[in-house]
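Enquirer: Sequence:
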Amino acid sequence: MNSRVDECVEAICQKGCQATRNDLTRMENGEIIMEISHLSKKEQTEVQREIAAIMAVYGDACPVD
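Following my numbering, the numbering of the sequence shown begins with 30 at its first residue and continues without gaps.
Incorrect hints may have been included.
What the hints assert, rightly or not - Label-pair restraints from in silico Cβ distances: (1) Asp89 to Ser32: 25 to 33 Å; (2) Gly88 to His67: 28 to 36 Å; (3) Lys44 to Asp89: 13 to 21 Å.
Hints are computed from structural coordinates only; laboratory data are not their basis.
C-beta atoms are modelled at their ideal positions from N, C-alpha and C, and glycine is treated no differently.
Take these sequences, add in the hints, and give me the full structure.
Expert: Shown next as structure tokens:
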């Protein structure tokens with residue numbers, strides 16, 4: 030990953046588990062969320078993949094935010 034992608038992943042994750050899950054759903058539905066709007070399509074896809082991998086650790090549940 031590049032630093033721009035890393036920064037976006039970090040910004041999204043800082044919002045908490047449920048908000049991050051919601052953002053992932055929005056990205057999976059083709060929406061370009063604010064945090065990734067300045068990235069290239071390739072970088073946006075990288076952010077989405079990285080967030081999906083991180084959220085897979087939690088399964089269907091989020092710890093208390």
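Enquirer: Now tell me, hint by hint, if it's right for this structure.
Expert: Against the structure, the hints come out as follows:
no., hint, verdict
1, Asp89 to Ser32: 25 to 33 Å, "31 Å, holds"
2, Gly88 to His67: 28 to 36 Å, "31 Å, holds"
3, Lys44 to Asp89: 13 to 21 Å, "19 Å, holds"
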